[in-house]
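Generate the whole structure from the sequences, applying the supplied hints.
Residue numbers (the working numbering), protein chains in the order written: chain A, 75 to 173; chain B, 75 to 173; chain C, 75 to 173; chain D, 75 to 173; chain E, 75 to 173.
Do not rely on the hints blindly, as some may be mistaken.
The list cannot tell twin chains apart, which means a pair is met if one copy fits it or any two copies do.
Said to hold, decoys possible - EDC-like, lysine to aspartate or glutamate: derived pairs with alpha carbons at most 16 Å apart:
id: 1; residue 1: K144; residue 2: D162
id: 2; residue 1: K113; residue 2: E103
id: 3; residue 1: K169; residue 2: D91
id: 4; residue 1: K144; residue 2: D91
id: 5; residue 1: K79; residue 2: D162
id: 6; residue 1: K113; residue 2: E94
Since the hints were derived computationally from the structure, they do not count as laboratory data.
Residues per chain are reported as follows:
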Amino acid sequence: MLIGKVVGTVVSTRKEDRLEGLRFMVIREVGPEGKLTGKGVVAADAVGAGVGELVLYATGSAARQTVFTKDRPVDAVIMAIVDEVAVDGTKTYVKFVDD
Amino acid sequence: MLIGKVVGTVVSTRKEDRLEGLRFMVIREVGPEGKLTGKGVVAADAVGAGVGELVLYATGSAARQTVFTKDRPVDAVIMAIVDEVAVDGTKTYVKFVDD
Amino acid sequence: MLIGKVVGTVVSTRKEDRLEGLRFMVIREVGPEGKLTGKGVVAADAVGAGVGELVLYATGSAARQTVFTKDRPVDAVIMAIVDEVAVDGTKTYVKFVDD
Amino acid sequence: MLIGKVVGTVVSTRKEDRLEGLRFMVIREVGPEGKLTGKGVVAADAVGAGVGELVLYATGSAARQTVFTKDRPVDAVIMAIVDEVAVDGTKTYVKFVDD
Amino acid sequence: MLIGKVVGTVVSTRKEDRLEGLRFMVIREVGPEGKLTGKGVVAADAVGAGVGELVLYATGSAARQTVFTKDRPVDAVIMAIVDEVAVDGTKTYVKFVDD
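Structure (structure tokens):
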């Protein structure tokens, strides 16, 4: 999996039938130290992620192993919202939670 | 998935039997901000995409999860026509529609 | 899929039993404009391709979706001989056919 | 497979249901000569790996072939702890074991 | 598939149960012209390859299509020993065989 930041959305009306109801998010990869790296990819959303959130996403056939993406032609899925990343004993990311 | 622009076509008469009837399109990857990036790839078309259109395409085993590509030896498929891309709150692409 | 030019062959006698009878071709990727790009890969041949021909090849699990490669440990297959490539309205490749 | 060093962890509470109970580790690829290379990836842990250990990890559909990851949306798994690496007749890594 | 040279071995005692009995070899990719290219990867051995030999290896789900690797969490397998490579009409590699 890779850590990514959700930075946008893609809207499509004409598409393969099995894609109906899926949300497509634009993700930018984020290195474990929290820096934006790499180019953007588009992933289906299986956890209700919002723009600005840090997420884990899986690619390849793993992307079809969620309730929302089973048997659908998607090759990337957001499967978790990241709460915390720790590298070399240091917390490099902690999700800010409103009370 | 990646966002791509359909820039061309590939014609083949001698091919694996199961490929009969599929259209092969040349795609250039387009970053979320709308810039052409990367080299060209060839994808099967599952949605009736035309040259010049912005599309979403999936690679790997996901490419066989459409009605048109099931059980066929293809590793990339156009599975959606893009209407709109938004990144960081800005629309970076809006499909022009003739009335 | 990618467009490639068949540039050579690989011969192997000691190999996994299920590979018996398959031909292995060395392919160099060719961009849609016809330039050789990238390094060489080895693909199983499912269409009787010859050295010098332009072909389409698929990688990953798609490589096992032909009659010749089903259930065999191959990750790349030549599944079509290219007749013609058109990019941006220009034919960038047309196969020369002897009569 | 690739050789990697476990350098951190990722915590997530909101995630796909099937991920419950899995540990996610941040891994940095290590070349066979023992140098850290490449950027970090996140892998599910199938062997009880700890931060600091050298491991083997597999990506793609192989990541779902362990007892812990079967049918789960993960694309990378730690499937072995490395004891020893030898390259060109030289041991480039030997795990230190406390008695 | 890619052509590689076996340059080393990886030993692991603590690993996923299904990996028992598999040998893990360090491979360096070799271009069709015989030059070492790329970094090292680790592949399971399905043909009894030895250090120093030139081999073909397959990655992804193809790596589980041999008798030795079926249903095991491996993403790369040595599935053939290379006898000969020919590129552009020239033999770039011929295996030396002792009598």
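Quiz item: Which of the listed hints are not met by the structure?
Solution: Of the numbered hints given earlier, those the structure breaks are 1, 3 and 6, listed in rising order.
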